[in-house]
Amino acid sequence: CTEKQRRVYCQTCGSTRHFTDRCTSIWRSYLTVENANRKMGLPTNIYCYNCAEKGHYGDECPLERTSRVPNLDGSAFSGHNLPQQLR
Amino acid sequence: KIKNDVPWIKNHDHSTQKEIADWLTLEIKDFIAYISPSKEEIELRNNTVRKLREAIMELWPDCEVHVFGSYATDLYLPGSDIDMVIVSEHGGYESRNSLYSLSSFLKRKNLAKNVEVIAKAKVPIIKFTESTSNIHIDVSFERTNGIDAAKTIRSWITETPGLREIVLIVKQFLSSRKLNNVHVGGLGGYSIICLVYSFLILHPRLSTGNISPYENLGVLLIEFFELYGKNFGYDNVAICVEPDNVCYLNKKYYPDLQGRSSFALSIQDPSDPSNNISRGSFNIRDIKKAFAGAYELLTNGCYDLDTATYKQRIGKSILGNVVRYKGAAR
Numbered sequence: 001c002t003e004k005q006r007r008v009y010c011q012t013c014g015s016t017r018h019f020t021d022r023c024t025s026i027w028r029s030y031l032t033v034e035n036a037n038r039k040m041g042l043p044t045n046i047y048c049y050n051c052a053e054k055g056h057y058g059d060e061c062p063l064e065r066t067s068r069v070p071n072l073d074g075s076a077f078s079g080h081n082l083p084q085q086l087r
Numbered sequence: 001k002i003k004n005d006v007p008w009i010k011n012h013d014h015s016t017q018k019e020i021a022d023w024l025t026l027e028i029k030d031f032i033a034y035i036s037p038s039k040e041e042i043e044l045r046n047n048t049v050r051k052l053r054e055a056i057m058e059l060w061p062d063c064e065v066h067v068f069g070s071y072a073t074d075l076y077l078p079g080s081d082i083d084m085v086i087v088s089e090h091g092g093y094e095s096r097n098s099l100y101s102l103s104s105f106l107k108r109k110n111l112a113k114n115v116e117v118i119a120k121a122k123v124p125i126i127k128f129t130e131s132t133s134n135i136h137i138d139v140s141f142e143r144t145n146g147i148d149a150a151k152t153i154r155s156w157i158t159e160t161p162g163l164r165e166i167v168l169i170v171k172q173f174l175s176s177r178k179l180n181n182v183h184v185g186g187l188g189g190y191s192i193i194c195l196v197y198s199f200l201i202l203h204p205r206l207s208t209g210n211i212s213p214y215e216n217l218g219v220l221l222i223e224f225f226e227l228y229g230k231n232f233g234y235d236n237v238a239i240c241v242e243p244d245n246v247c248y249l250n251k252k253y254y255p256d257l258q259g260r261s262s263f264a265l266s267i268q269d270p271s272d273p274s275n276n277i278s279r280g281s282f283n284i285r286d287i288k289k290a291f292a293g294a295y296e297l298l299t300n301g302c303y304d305l306d307t308a309t310y311k312q313r314i315g316k317s318i319l320g321n322v323v324r325y326k327g328a329a330r
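As they're listed, the protein sequences go chains A and B.
If you're matching positions, the first sequence starts at 1 in this note's numbering and goes up one per residue.
If you're matching positions, the second sequence starts at 1 in this note's numbering and goes up one per residue.
Treat each hint with caution, since some may be false.
What the hints assert, rightly or not - Restraint ranges, calculated between C-beta atoms of paired labels, are given here:
(1) A:ARG17 <-> B:LYS122: 46 to 56 Å
(2) B:LYS311 <-> A:PRO70: 34 to 44 Å
(3) A:HIS80 <-> B:SER155: 25 to 35 Å
(4) A:GLU64 <-> B:SER261: 16 to 26 Å
(5) B:SER38 <-> A:SER25: 35 to 45 Å
(6) A:THR16 <-> B:ALA308: 24 to 34 Å
(7) B:TYR214 <-> A:ASN45: 15 to 25 Å
(8) A:HIS80 <-> B:ARG96: 53 to 63 Å
(9) A:ASN35 <-> B:GLU159: 14 to 24 Å
(10) A:LEU31 <-> B:MET57: 49 to 59 Å
(11) B:ILE42 <-> A:LEU63: 48 to 58 Å
(12) A:TYR9 <-> B:ILE314: 27 to 37 Å
To be verified - List time: in silico SDA-like cross-link candidates among lysine to any residue, alpha-carbon distance up to 20 Å:
(13) B:LYS289 <-> A:VAL69
(14) B:LYS18 <-> A:ILE26
(15) B:LYS252 <-> A:LEU63
(16) B:LYS230 <-> A:ILE46
Quick caveat, the hints were computed from the structure, so don't treat them as lab data.
Predicted, not measured: the structure shown is a model, and the values here were computed from it.
Every residue, glycine too, gets a C-beta built ideally from N, C-alpha and C.
Produce the entire structure from the sequences given, and follow the hints as far as they go.
Right, here's the structure in full:
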């Protein structure tokens, strides 16, 4: 079986956890608002889904994850998902 | 594996969309248009409410009859019931006597069939089917919290585009899985609204104004299921939806919001901080599992269609795997 010997690698995002045809970028694509140049500050309502602390998103929580469902490829609630100029 | 016989697809094919997320967004809009009530259905509901209100006022001229719940917030699906509440200055209409006198009055006037009086419950109600419209009605007594909640929800809906659409999809999803009945630990309408509202307000792209929700319903729906199906820390985190302060609270510091089990959904009632709106939803384990399942179904649908040829895509539905609409054809 050749399937098993294929190394897991995504050509879209470089991840070694999924193949190109299972990349979250296939559906996690946003239609952004036109005037993206206007000044934007960091949102004041950044809260952690894992520990409820203010100031970081759940994907970056320093505490142990409480949900037993794995989050391998990152979620919407990550600092990486902020608009480009705020990351 | 991908559904292709769902009714809202008829004459609305999006298989040539370049971005799968846009396809899903358009399908969500089609589904919302499909299940939204027609002019006749709206009139039937309004007339039913008017007729009942007039009759009740005839029996008890000193009372006020209000509607709340999904009818009052415009978040009802076909077949949803109508919630009414009777309030009065003297507050005396919750007595067992008045419950029975109203129920026999409605029967005598031929307004109600299948009448059930539930007098012993914490919230006594009368349930019946209105005779001409066949709409299910729940009448409760002397409680204003439902009216207040409807007011809050209406203001959220006007301020938060996308809220109504995602709530209706999640409602339909949970009702098709029989996970929407609070009496058996399911998720009630108000809790669903709070989950979606909190999600939209805290979303990194929405809170920065980087995207408009209405054009991104597809990805937002998947991310809703991703948050509450995979990542949300039900053990530690409570949801707060106070006006101007939508945030998370650490349950450790809010003993009122802790349930009997540590794995529980906690939503602080904006009009009573010591009340947990979702305390009845004890079956959160299955609800979380169902959300995770919806995430898998939607994302797998996206992956499959992304690699499919245009010919294979024609007439296919992404949403059909998740929202099963079983009602009468519309």
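**Prompt:** Can the restraint linking LYS252 (chain B) and LEU63 (chain A) be considered satisfied, given a maximum Cα separation of 20 Å?
**Reply:** holds, 15 Å
**Request:** Could you tell me whether the CB distance from HIS80 (chain A) to ARG96 (chain B) stays inside 53 to 63 Å?
**Result:** Cβ of HIS80 (chain A) to Cβ of ARG96 (chain B): about 60 Å, so the range 53 to 63 Å holds.
**Message:** Quick check: does the Cβ-Cβ distance between HIS80 (chain A) and SER155 (chain B) fall within 25 to 35 Å?
**Reply:** The hinted range 25 to 35 Å holds for HIS80 (chain A) and SER155 (chain B), with Cβ atoms some 33 Å apart.
**Request:** Please test the hint of 27 to 37 Å on the beta carbon pair from TYR9 (chain A) and ILE314 (chain B).
**Result:** holds, 32 Å
**Prompt:** Are the Cα atoms of LYS289 (chain B) and VAL69 (chain A) separated by 20 Å or less?
**Reply:** Given that 20 Å is the threshold and the Cα spacing comes to 10 Å, the pair holds.
**Asked** Given a hinted range of 16 to 26 Å, is it respected by the beta-carbon distance of GLU64 (chain A) and SER261 (chain B)?
**Response** holds, 19 Å
**Asked** Measuring from beta carbon to beta carbon, are ASN35 (chain A) and GLU159 (chain B) in 14 to 24 Å?
**Response** Distance hint for ASN35 (chain A), GLU159 (chain B) holds at roughly 21 Å.
**Asked** Do THR16 (chain A) and ALA308 (chain B) keep their Cβ atoms within the hinted range of 24 to 34 Å?
**Response** holds, 26 Å
**Message:** Against the range 46 to 56 Å, how does the distance between the Cβ atoms of ARG17 (chain A) and LYS122 (chain B) compare: consistent or not?
**Reply:** For LYS122 (chain B) against ARG17 (chain A), whose Cβ atoms are near 49 Å apart, the range 46 to 56 Å holds.
**Asked** Is the distance from the Cβ of TYR214 (chain B) to the Cβ of ASN45 (chain A) consistent with 15 to 25 Å?
**Response** Between TYR214 (chain B) and ASN45 (chain A), where Cβ atoms are some 21 Å apart, the hint holds.
**Asked** Is the straight-line distance between the alpha-carbon of LYS18 (chain B) and that of ILE26 (chain A) 20 Å or less?
**Response** With Cα atoms ~10 Å apart, LYS18 (chain B) and ILE26 (chain A) stay inside 20 Å; holds.
**Prompt:** Going straight from one Cα to the other, do LYS230 (chain B) and ILE46 (chain A) come out at no more than 20 Å?
**Reply:** This hinted pair holds, its Cα atoms lying about 19 Å apart.
When each numbered hint is compared with the structure, no violation occurs for any of them.
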